[in-house]
Amino acid sequence: MIDALTHFDFLRRALVSGLVIGCIAPVIGVFLVVRRLSMIADSLSHVTLTGIAFSLLLSKHAPLLAGLNPVFMGMTFSVGGALAIEKFRHTYRHYQEIAIPLIMSTGIGFGVLFISLANGFNTDLFAFLFGSIIAVRQSDMVTIVVVGLIVLFAVCFLFKELFSLSFDEENARTTGMPRKTINFIFIVMVALVIAAAMRIVGILLVSSLMVLPVAASMKIAKSFKQTFFYAVLFGELAVLSGMYFSYVLDWAPGGTIVVFSFLILCIVLLVNKWLLRAES
Amino acid sequence: MKKQSDFPVIELQNVSFQYDARTRVLEDINLRLNQGEFLGLVGPNGSGKSTLIKLLLGLLPLQQGDVKLFGKPLSQFTSWNRIGYVSQKATHFNLGFPATVFEVVSTGLIGKMGLFRWLGQKEKEQIRHVLHLVGLGDKAKSPVGKLSGGQQQRVFIARALVSSPDLLILDEPTVGVDAESVDLFYRLLENLQQKENIAILLVSHDIGVMTRKVSHIACLNKKLFFHGAPQQFRENQEAILSAAYGHDVHLLEHAH
Chain R
369 MIDALTHFDF LRRALVSGLV IGCIAPVIGV FLVVRRLSMI ADSLSHVTLT
419 GIAFSLLLSK HAPLLAGLNP VFMGMTFSVG GALAIEKFRH TYRHYQEIAI
469 PLIMSTGIGF GVLFISLANG FNTDLFAFLF GSIIAVRQSD MVTIVVVGLI
519 VLFAVCFLFK ELFSLSFDEE NARTTGMPRK TINFIFIVMV ALVIAAAMRI
569 VGILLVSSLM VLPVAASMKI AKSFKQTFFY AVLFGELAVL SGMYFSYVLD
619 WAPGGTIVVF SFLILCIVLL VNKWLLRAES
Chain G
146 MKKQSDFPVI ELQNVSFQYD ARTRVLEDIN LRLNQGEFLG LVGPNGSGKS
196 TLIKLLLGLL PLQQGDVKLF GKPLSQFTSW NRIGYVSQKA THFNLGFPAT
246 VFEVVSTGLI GKMGLFRWLG QKEKEQIRHV LHLVGLGDKA KSPVGKLSGG
296 QQQRVFIARA LVSSPDLLIL DEPTVGVDAE SVDLFYRLLE NLQQKENIAI
346 LLVSHDIGVM TRKVSHIACL NKKLFFHGAP QQFRENQEAI LSAAYGHDVH
396 LLEHAH
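Chains R and G, in that order, are what the protein sequence lines are.
So the numbering used here is basically just the index in the first sequence, starting at one, shifted up by 368.
So the numbering used here is basically just the index in the second sequence, starting at one, shifted up by 145.
FYI, nobody ran anything at the bench for these hints, they're computed from the structure.
Among the clues, some could well be false.
As the list claims (entries may be wrong) - Straight-line C-alpha distance at most 16 Å; calculated EDC-like pairs for lysine to aspartate or glutamate:
1. G:K286 / G:E270
2. G:K199 / R:E454
3. G:K199 / R:E538
4. G:K340 / G:D323
5. G:K340 / G:E325
6. R:K548 / R:E537
As the list claims (entries may be wrong) - Simulated restraints on C-beta separations:
7. R:E538 / G:K269: 24 to 32 Å
8. R:C634 / G:K217: 51 to 59 Å
9. G:R273 / R:I553: 27 to 35 Å
10. G:A166 / R:R404: 29 to 37 Å
Stated by the list, open to error - Just a few of them, taken from the derived set where beta-carbon distance is under 10 Å, the chain R residues facing chain G:
11. D536
12. A540
13. T542
14. A589
15. S648
Glycine included, C-beta positions come from ideal geometry on N, C-alpha and C.
Chain G with its partners taken away, still in its complex shape (with noise of 0.2 Å):
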């Protein structure tokens, strides 16, 4: 595993967050990610993932705490292309879009490029380095509502790297997509993490999978549970889980 420095990418401090003045999502959490880290964030339904990462994207306002991100506070923040986002609504889109997945994956590179200009040959050329990346290479041309499930999920994961982020964040990536498609899609986490030394969040519930993968895994419900390395995590699972969920969980586990 390639070198993890300790500079921050993201920090989280003792953030709130509620939606009405009665239910609290979020309760003074504190989380830290540092570059070439992959933490995974689990935690049971409505616990909170989404909206932390909605939180931290600028999607939703902070009401409580700070969130800095490559060291900078969200106020103050620009470099959005530094970060690449998958979420989980994103293969609800409107399957007769007439777009094609070049077209689409091109939308990933607006933050860099900035307003008023064109795709240039530097732009296709990377938009077909990357559907190449992600096994799409000769889907370019093809109606992105024309492909399954599970290559639709890997053309936003396109739209996410083609701008070569630092950061990737991705919001419950594998729900609804078939198995050959996860396993691809773990690979080349694995391998984005360990060559580019990127950052990654990923959110999701697939506990077992994650703890194999991952080299920080944090857990959350309304408040964070724990927050460490998968070996300490899956020596003291049942009591961080049913601390955190509140009932039994094996369930929840799956064997892959």
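Isolated chain R, as found in the complex (with noise of 0.2 Å):
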């Protein structure tokens, strides 16, 4: 493996892709599930999925956009999916949950449209559905630290504020900040690290790289900040083991992953239960 990552450019630019996001979508996802919105997460990754779909079709009629890297368009609809989200969430204000489903709904119709347009299915989809080594290019590697590294100055900036705003948002209003703003910004980062991930993971199995980590860190976790100490660990743990398996058996590397994440998951509730009833 060693001797590979120095042979091969794909493979690194993989493994720091990988390691990148293995740190990133935990920290974020430690805020969406608590601030009980994992969802929003599957129906931002199905947006973005529209805006893949939208930019191959634009490629095949429109020649001269046909350099432009499929993530950018990814990433702007992912974002303005989020706005949406937050609009319907206003809209429909006893229903809040409602602006979820149908902002990805929404996604999907139009996606499966473009994709029809485009004479459906190529690699280059398939890629993006399922997640890919071979298929990080040079421009993906710098948007995803780009994006790694805006992500983790703001939530390093704005912890206390996004903390306050996760545990008690009508406290958080009477502190004076500026809660708009701070929930705008928030959503835009779920939005990028979304469009981000996709390439390792694929866009059917982002959600999970944020929520399974988290999950299990939350089960040990003793206070907010370990909960992302261990929501990264086991998200790096799960990138990395995952990335190796799929380079070594060639298996796609979203889902191994992914099943990296639950044996992780299950491997930490069992030890909780375990020590929690030798501690009875």
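Put the two chains together into one complex; each comes in its own frame, and the hints tell you how they fit.
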């Protein structure tokens, strides 16, 4: 593996991208889970697919745009979808959860339409759906690293505000913080992380990397800060082991990473149960 | 009792509010709370008590009338760190939230610290001090969901107190809390008012306890039916309450 890493550029790019995703997806995931918004990740990943499909369609009909990385269009759609969800949450004040399936089904609808207009599936689209190691281009890696840095800086600088909003939004409002701006920044970060992560784990599996490590972490963490520590640890473990086996055995990377996330969750649950029983 | 200055901390002038066109929740409310005063706000369910509090905290939009906090109109008020707030819903938070008591109390310092800053040594010291004050000095590292209802309520009071506010607003903070915590809570409030000279606005159903503890009492049911000293209130209690509640209210009094 080490030997292969020094020989193959694509492997190095995939590894760097994977490590960044393994960190930022669980970090954003912690906030999503404690705010009971984990379904948003699924919804936005499908909207990202719409953007990818749109980009592929465009490149077919407008050769000028063929060089554009579909990830950018995916990000644009994902951010747009995030803002639409926020909007609908206010429109349907008493049925806030309706916004999430509403955007998700609309996204899939347009996505399928774009795909059919572009004459169906091709290998590119397949790589976006299920993730790929070979498909990570130089521009993908740069995009992922830049998104990773932005997200980590934003979370560090706005940590206490994001924590307060997640724990008790009403009280957070009475501290005079710019709540709307911070919520906006947060939802844009969610959209960016999803679009960035999809190269490695694939659109259909992005949300698992934001939820499974967090679910495991919450069982053993003793504080909010520890929740992040374990979530990132489990996320990186899943990405590294998933990518290794995916490379060695030629399995789909997204699926392998998710299977390892699930294995980690099971081990944590079992060990935790065993420890609790030993205590009592 | 410590001196009460005439400096107004809360001023409401002709405040009215309605959630929709047909039902008015508040009508023409005039109310004033001075520095160092302890105002008890009583009224039946749905009388607009919580609405009034949300209005003056800016959680609901002001439709009619004027609200001033510390002499400044609400729209220009920015010193939110001078106000500590414990909401009615505080104990209905997500019990599985993975946060320690210390972390929850730290969120009370956000208004004071401003953006882009982390907790320093001074802030940590303040948090430990206020936890000690509410009798949770040994619980700093406990997950907040593992505490009893009364202890959780004290966590939220600590969060409201940690920025050393000049005004404390509490919306039915003793509902569903054990008797021991309620006693401790009232002693804490008396202490705060007398030693720190802070103004307190307390909403409660518990008219009996209120009239013995507060320096002023206000009775609300859409309109303000009474605002004055507790002694005056007790003397005319029957008349005020039957006007405000519209029926016999002896059942609502608790013997403490």
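Original post:
So which of those numbered hints doesn't the model satisfy?
Top reply: 2, 4, 5, 15
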